[in-house]
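There are 2 protein chains.
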Amino acid sequence: MGLSQTRATNGHVSRGKPTIIDVAQHAGVSKSLVSLALRGSSGVKPETRQHILNVAQELGYRSNTWARNLAQGRSGMIGILLNDLSSAYHTDIAQGIEAAATTVGLSAILTHGHRDEEALSARLGHMQDLGADGIIVVSAALNPQHLATAAARLPIVVVGRPAAVPDTVGSVWNNDELGARLAVEHLAGLGHTRIAHLSGSPRPASRARLASFHTTMTDLALPEPHQVFHGPHALVHAMGDPATARTAPTAVFASNDRRAAKLHAAALDAGLRIPEDLAIVGYDNTELATLLRPQLTSIDQPRHEMGQRALHMLVDMLGGQPPRRDVVEPRLIARGSTIPNSA
Amino acid sequence: MGLSQTRATNGHVSRGKPTIIDVAQHAGVSKSLVSLALRGSSGVKPETRQHILNVAQELGYRSNTWARNLAQGRSGMIGILLNDLSSAYHTDIAQGIEAAATTVGLSAILTHGHRDEEALSARLGHMQDLGADGIIVVSAALNPQHLATAAARLPIVVVGRPAAVPDTVGSVWNNDELGARLAVEHLAGLGHTRIAHLSGSPRPASRARLASFHTTMTDLALPEPHQVFHGPHALVHAMGDPATARTAPTAVFASNDRRAAKLHAAALDAGLRIPEDLAIVGYDNTELATLLRPQLTSIDQPRHEMGQRALHMLVDMLGGQPPRRDVVEPRLIARGSTIPNSA
DNA sequence: GAACAACTGTGGAACGTTCCACAAATGACA
DNA sequence: TGTCATTTGTGGAACGTTCCACAGTTGTTC
Numbered sequence: 001m002g003l004s005q006t007r008a009t010n011g012h013v014s015r016g017k018p019t020i021i022d023v024a025q026h027a028g029v030s031k032s033l034v035s036l037a038l039r040g041s042s043g044v045k046p047e048t049r050q051h052i053l054n055v056a057q058e059l060g061y062r063s064n065t066w067a068r069n070l071a072q073g074r075s076g077m078i079g080i081l082l083n084d085l086s087s088a089y090h091t092d093i094a095q096g097i098e099a100a101a102t103t104v105g106l107s108a109i110l111t112h113g114h115r116d117e118e119a120l121s122a123r124l125g126h127m128q129d130l131g132a133d134g135i136i137v138v139s140a141a142l143n144p145q146h147l148a149t150a151a152a153r154l155p156i157v158v159v160g161r162p163a164a165v166p167d168t169v170g171s172v173w174n175n176d177e178l179g180a181r182l183a184v185e186h187l188a189g190l191g192h193t194r195i196a197h198l199s200g201s202p203r204p205a206s207r208a209r210l211a212s213f214h215t216t217m218t219d220l221a222l223p224e225p226h227q228v229f230h231g232p233h234a235l236v237h238a239m240g241d242p243a244t245a246r247t248a249p250t251a252v253f254a255s256n257d258r259r260a261a262k263l264h265a266a267a268l269d270a271g272l273r274i275p276e277d278l279a280i281v282g283y284d285n286t287e288l289a290t291l292l293r294p295q296l297t298s299i300d301q302p303r304h305e306m307g308q309r310a311l312h313m314l315v316d317m318l319g320g321q322p323p324r325r326d327v328v329e330p331r332l333i334a335r336g337s338t339i340p341n342s343a
Numbered sequence: 001m002g003l004s005q006t007r008a009t010n011g012h013v014s015r016g017k018p019t020i021i022d023v024a025q026h027a028g029v030s031k032s033l034v035s036l037a038l039r040g041s042s043g044v045k046p047e048t049r050q051h052i053l054n055v056a057q058e059l060g061y062r063s064n065t066w067a068r069n070l071a072q073g074r075s076g077m078i079g080i081l082l083n084d085l086s087s088a089y090h091t092d093i094a095q096g097i098e099a100a101a102t103t104v105g106l107s108a109i110l111t112h113g114h115r116d117e118e119a120l121s122a123r124l125g126h127m128q129d130l131g132a133d134g135i136i137v138v139s140a141a142l143n144p145q146h147l148a149t150a151a152a153r154l155p156i157v158v159v160g161r162p163a164a165v166p167d168t169v170g171s172v173w174n175n176d177e178l179g180a181r182l183a184v185e186h187l188a189g190l191g192h193t194r195i196a197h198l199s200g201s202p203r204p205a206s207r208a209r210l211a212s213f214h215t216t217m218t219d220l221a222l223p224e225p226h227q228v229f230h231g232p233h234a235l236v237h238a239m240g241d242p243a244t245a246r247t248a249p250t251a252v253f254a255s256n257d258r259r260a261a262k263l264h265a266a267a268l269d270a271g272l273r274i275p276e277d278l279a280i281v282g283y284d285n286t287e288l289a290t291l292l293r294p295q296l297t298s299i300d301q302p303r304h305e306m307g308q309r310a311l312h313m314l315v316d317m318l319g320g321q322p323p324r325r326d327v328v329e330p331r332l333i334a335r336g337s338t339i340p341n342s343a
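These protein sequence lines map, in sequence, to chains A and B. When we follow our numbering, the leftmost residue of the first sequence carries the number 1, and every step to the right adds one. When we follow our numbering, the leftmost residue of the second sequence carries the number 1, and every step to the right adds one.
Honestly, the hints are just simulated from the structure, not real lab data. Treat the hints with care, since some could be wrong.
Identical chains share a label here; the pair holds if one copy fits it or two copies do between them.
[To be verified] Straight-line alpha carbon distances no greater than 16 Å define the calculated EDC-like cross-link-like pairs of lysine to aspartate or glutamate that follow:
1) K262 - D84
2) K17 - D129
3) K262 - D316
4) K31 - D241
5) K17 - E185
6) K45 - E177
7) K262 - E287
8) K262 - D241
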């Protein structure tokens, strides 16, 4: 009839990317059988399967993800939502998640929200639209309300201490109370009594560290007042001011490494010696801690392991199990910022 | 007939997530009209549109991405492939891309390949399967071959100097030759003559910096041999060894900040003064540069802008324009690691 | 008030898979 | 050789959209 395109027996016109139907026609079987063969079903005669595989191979066939997901109603893909892409702490966790995901045959996609609640919510919605089977939220300052509504639709695991945990979401975090205690005890064990805390944002993890700082100070019967600072300069200034120098701290536990590094810099700028004039403990044990001189004593969280645990919890939840609450133990890594003569 | 599910007029059984058909039925119109209304087509009477929007809203309808993509054959989504998630340099570029993507109404998904070529290729394929309309590859050590075959299917832009650029892919990079020249000239301007280079991996950007180091040294008529080191300790050792100390470098241009920071630490560990005994220039001007003491002089690349440019190029390519080659200019940020008494 | 154009709205066929209820072929057994 | 079970393979209906060719409805104009 003078048709300009390749018209095959069945009325299917082949053009553009090869589809399962193209494979079927070239192999002389039905599309259903191709589908079965490609997915490794048992009810296909080995030789036919091999034949189909060959044809698919030489046609350069790749299954269309959209069509597959639409038909199956699932995607085999999980979403990772990071609060902040520029935080090494967050990205390390993400890598732990991905490594674990790969081993169980799930693929992962990543997004982040620039530490902004609005952006984070939008991203969360976007990942759902994209069809993630489950989502792991890393340390995100997400509205618990949003979290809960999302959790009603698909499994969600939060890594990092959430504000208020709806019990429909799983969670993995490190024992901030223990971490803060380790830091203070370490400093007290070195003879410090005027130990201050350099506190962070009002986020749950920081708050927990702050609270534990107080209770540990009390438990160790260290002298009141327990000083809490919010910026490195205020602290350094207090040490330099004759009016306050006598009561100024000799040691500081900072709520994270980045903050500790800023204090480290400010102290050196002020001509203070570390650790002789001021001992510093950070939190997170990021690479930064090993690049400063003296190196930074820090509380280590097993980030990679936390990511793995989160993924496994998510997999369990995908399998219908209820969410859990998983708390891992941090440990202290002693370095030169508290121990003299150790680099 | 005793059916157990809500059976609607048309034979459509409503269950689970609401579909466009549910909206149509509740609004008393056809699914086609709902589709038109939701996508803001002009041929819909304003009141009906509003009515449909209301119904969709109260049903909590969200369009199914898979079905939409399948029907439209495009996704409105671009992929960002990072070489390494833990590099601040890479993630900053990614953020520039995303910011720009948001302004033009594209959404972006992120993946990365742990600096591993195999993993990177797999991710590239995965993003194509996922239906990205275009992909921006950030600094990835991807086989040019793979890049080319991918570029045959969809627009690709590479940020960072690629090994060999197939001219079917767009690219954005910083002028490494100029960057290296700025570094060497800065050090020479401060009176240094024995300037060494701390070189990086054999990747294109590092190689370009190395080459430009040599030509600039020659142009400035600085004494041979032009020393190149591959590890901080070799360099510090050379300075400490009486046999080589007399000819050892007094200044170093390192191929990136991280490497510079390690040298910085090694130098301090060896009791050297920075910049008096050893001046250091890094590359990338990451936050790390401002946290060290003394702070690190570094070559700044406009990472955010590079990301934006990459995205705009990709958008142009999606619109059918040919790929371009875009080179941006770096500048030197002078700090205490080269200038005495400046923190 | 007939003819025609401009608006609004509709139904059904894609899109490329999977899933399900069957059909056809093969083999086993009496 | 007929019966029945098992293995292989098939066709068509989903999945939830968009797109296209049309069908109704209004309004305008002579």
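Verification of the supplied hints:
Proximity of K262 and D84 under a CA criterion of 16 Å is satisfied in neither setting, with 19 Å inside one chain copy and 25 Å between copies. When the C-alpha separation of K17 and D129 is checked against a cutoff of 16 Å, the pair qualifies only between copies, where the shortest distance is 12 Å, while the shortest distance within a copy is 25 Å. Taking the shortest Cα distances, K262 and D316 never come within 16 Å of each other, neither inside one copy (41 Å) nor across copies (42 Å). Proximity of K31 and D241 under a CA criterion of 16 Å is satisfied in neither setting, with 82 Å inside one chain copy and 74 Å between copies.
For the homomeric pair K17 and E185, neither the shortest alpha-carbon distance inside one copy (64 Å) nor that between copies (54 Å) is at most 16 Å. In this assembly of identical chains, K45 and E177 lie within 16 Å of each other by CA distance neither inside one copy nor across copies; the values are 60 Å within and 61 Å between. Within a single copy, K262 and E287 get their C-alpha atoms as close as 15 Å, and across copies as close as 11 Å, so both meet the 16 Å cut-off. Taking the closest pair of Cα atoms, K262 and D241 never come within 16 Å of each other, the shortest separation being 20 Å inside a single copy and 34 Å across copies.
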